[in-house]
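Build the complex from these two chains, which are given one at a time in their own frames, with help from the hints.
Chain residues, written in single-letter form:
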Amino acid sequence: MSQLTAEAPLSSTAERAAVLSQPGAAPDNRWVIVTRGIQRHYDMGGEIVRALRGVDVAIARNEYVAIMGPSGSGKSTLMNILGCLDTPTSGEYWLNGTLVSKMSDDQLARIRNKEIGFVFQTFNLLPRATALHNVELPLVYAGIGAEERRERAREALASVQLEERMDHRPNELSGGQRQRVAIARALVNRPSILLADEPTGNLDSATSEEIMKVFEQLASSGQTVIMVTHEPDIAAHARRVVVLRDGLVATDDRREAFAERMQV
Amino acid sequence: MPFYEAIRLALAQIRVQKLKSFFTALGVTIGVMFLITVVSIVSGMGNYMKDELVGKLIALNSFELRQRPNINVGGVSDAERRSWRTRPPIFNYDIPPVAASLAAGTLWASYSQSGVNAESPWSTPRRVTAYGVSDQYFTIKRMDVALGRLPTPQEFALGSSVIVIGKDVQDHFFPNLNPLGRELRLAGQPYTVIGVAETQGSAFGISFDQFIVAPERSPLRRLLNPHGVVDALVVQSASESEIPDNEERVREVMRARHQLRPEQPDDFALQTSDSALAFWRKIQHYLVLAGVALPAIGLIVGAIVIMNIMLVAVAERTREIGIRKALGARRRDIMNQFLVESMTLAMLGAAVGVGLGFGFAKIISKATPLPAAIELWSVVVGVSVGAGVGIIAGVYPASRAALLDPIAALRQE
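One line per chain: the protein sequences are A and B, in this order.
Using my numbering, the letters of the first sequence correspond one by one to residues 73 to 336.
Using my numbering, the letters of the second sequence correspond one by one to residues 1333 to 1745.
Extracted from the complex, chain B is given alone in its bound form (with noise of 0.2 Å):
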């Protein structure tokens, strides 16, 4: 019998038996379901970290020198976090050697950044993040402003108290007011609102829209970056393959500046998009082997209830099946019947699943923080498991089948 022709049969014996066809398959369809689900949303997150969270912290092309990492989530001992602190820290004078030794072409800026009580006549207070950036950290950044303009290079120079502020910032401090050229004091310090910077963003539930940004050397310096230190460079490579290349450059300047001998590891951190990704690479193995581990089990299940219900079906059926042999069918026909049926109805169930495992992963990343990305190469994946399940729950009923007696399942009432 042809494969067509079973699968026609397959669905005819589905149609005839709407209900228990549905029952049988559910256990496929939810497992189906969350394994969509949770690949959506794992893949969801691993978007959201390399182009948002890690993109927004990291900018393109570009890596920052450090005294130590501040993207580091688990894999970190004690034993090394104790070195990090007797590290020496970046000071101000380290950075026009370091930026003067880099590729042409090359855009860097420095930047601090602390915690900084502000308030505003129209609210109370509260605290904001501050920057303290050079001049070049908007363009590295790509932030511009929804409002008002950025600080001039003159500015800049000067250390004028110029603000650039984020939108959960105006909307706080400013409710209902033009910002622009109205006052905000920083640690009681008076500050002038130049711009409202895009929004930002947020992710987990974290807004991205809560700070405020001021040039480098304006008197906020004092709080955010004393004695000189200053937090991070950031260092934008003109294309991705001159990454390296800086990476060396800075090296070789900071190992000289802190007289490190050869056999001396680095006494700084240069950290990278890909370096602050690894850790989320980590938690994405575990997360992707706990997201399959969980829904195998109720596709395991799944695969008991298809094999229990297909031999059901052998039985029930058993008149039927000596029919069909005394009328010509081979073992392999019938063999290829019952295993085509019941793929053919875990496929079908598969099918749901992906569907509604679509739908649970959009309702979770509406309702949750959580974001959720539709791949598509899971429905592929999430149908080929659906007949995979069938197949395996289908062979031993099958096989029964196929071995039955003519006469015996003829005699059969």
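Looking at chain A on its own, in the form it has when it is part of the complex (with noise of 0.2 Å):
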């Protein structure tokens, strides 16, 4: 866990202020992702809910962040339009030097193919079909050739040590090796992000160790990691914890000073 510490890079408080200061601006290369002041509003029965509130968050590139917060905090919102699955109400939300919040929903359809890897709690892999074609799935979309796509998507599975069980379908395996084919699936498209939402939610507490280990893993090696969880134990495996209360940004802090914060 030390050695985390010394290898991820992590941005300064001074730094994210810095970027997060600057409205309309294309925030540099060093940022993957940049939101200024996201609003959303759902209608719900003429009645004006506000999810988010004006949320400012700036992630460079191969951090390993968790997103918390209570339920109704906002978290899910957030995720949704992170992940490019939403748009905002207001505000503006750079995704590696583009700005998507104003995307057209086939344009999104293209970044969340390139740019975003998923991993659900529930894990979303299509039931009927096997390991292996779950993960070429992202490649279809992609429109690359059958050939190809296979070679890759054994690649992703082999980086996760399923190699052997590629032709299973998913209800032939476990909670883990679900979760570790939605995580190959997740990298097959080298997106910018991956993008967790409670991955650990239907795993027990030694599966939610090893998906954590590939999480640890994959944050070593380079990838920007996102995770939202509302379990403080989870997010104290990320670098930095980002906390979420009544649609507002609450604390921005390193992981050492959420661990000691929530210990008291």
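It is worth saying that the hints were derived from the structure and are not from the lab.
Cβ coordinates follow ideal geometry from the N, Cα and C atoms, glycine included.
Derived CB-CB ranges, DEER-like:
1) GLU236/A <-> ILE1706/B: 52 to 58 Å
2) ARG1743/B <-> HIS113/A: 15 to 21 Å
3) ARG262/A <-> ALA1740/B: 26 to 32 Å
4) GLY1720/B <-> PRO304/A: 55 to 61 Å
5) ARG262/A <-> ARG1664/B: 23 to 29 Å
6) GLU119/A <-> GLY1720/B: 45 to 51 Å
So this is what it looks like as structure tokens:
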């Protein structure tokens, strides 16, 4: 763990404040994610629900960040926006130097395909497809030919030690194996960010540790990882923890500071 | 996502749910099956009409001069029919001048026909159709004998009491006997059988082999053309292009003989196989309309079934759609996936329907007098109709799938 601390780069509070204070300006290449004043309002039968009320987050390349918060804090909404499944009501979202907050549905689909690898709490594998085919799926939508697709999917499965299980369907795999297939699928298109939503929510603690190890390896090998969770001990695996409360960023700390506060 | 990828996906989906897919496509299968059956039978009947029925009644490249048309189904008013009855008949003595006017190389034969009572010692009496014909009749009608011989020119000239009989006449009056040289009594008069005609087949269950043919001048003439009235003069041109010319020559001579003024219409009929087929074309038109309208109702029902099942499929697979969208599927990828699935399903159903339709048409043509012809273009039409039905039925479910919100879709259990 201490080696990881040394390896993974971490943006400083001052650097983040600097990039967040220039509305409209494209962040430099160092930043994978910059959101400035993101708001998201829902119309619930005439009543406006303000799920996000101006979220400023900056995440540099190669960071390993956990987004935490109690339910209703807006973390799912923020994850949907960061994952380009949703667009903010107002505010700007820069992903990899591109302003995505105003993009159309189809443009967002391309961004999701190229830039984002999703890992879900419920795995979200296609039940009738083999592990290999599930991992191939992002490549299908990237328009890559069958042969290359197969090769890359096989490699991705090998990187999570599941090559020998590639012809099995999800119901023939354990929970941990399913989540590893999902991770392989998330990584197969070499995305800018790995976006995990409660990745251990459906796993026992031993399997959770196994998945966390995979995430740590990915982070130490240079992959930007963003993990949304409500469990403090899972969040404590990340290098940096962003805590949301009532649609706003409450704290944004190094893990050490976060752990200290949680113990108090 | 490329098209073939979508087809592979659709086939996989169909394979997983074989029974459901079968029932989904059943409507289209049945619709296409009836479409193909009807098309096969209507075109089979069309071929039969052209090649067999009319071809037998009116020989190739020929037309007939008659007092009034004898092949006429529908489209004739009572007034028209009444006017035909007042027309002068065609007489024996009209034939030589008309024949003399024809172009070189043209064949002609006059003939008359009537039902006549026939009897032989080996069987019960029966009515047969008797033809009194002039010598080129057999050549024009391409009628040859399976047994014996045709009348000689001398027999034609003398009006000998010799007859050529049809296969059915032989079977009835001379069971298990060699009919050649035997006697058949027609209206009480004895005639010698000199030949048995090759079998002429049947249409719609009516045999063409219940006839006897005698020389025009044989004693039968008193029954067939009393008062020298001839039923028809058949004129066979050397080629198709000469038909109009010969028709004009015949018309000129006949108008002159009947002393018609220019403004008066013809008081005789020139009947070509075209004019005989015209009534068939009219029937065929309605048959095709009815034959297409009925299966079309089946296809509409089939389309509704497919649409319904696809809507269920979209609802069932909402989560799958959410996953695909999260992984980068665009609206049109999802749209294509469901459209292709619906199209593939309907096309498979249609292909099965084409096969069954051909089988059904074959069974009908075997079991009933209705003929059937298998038209290859109807395969293309059948499968295309299936694809069209699938696409039309798939548009609404597919667009619903494409417009699903990925977040809501992923949240669905």
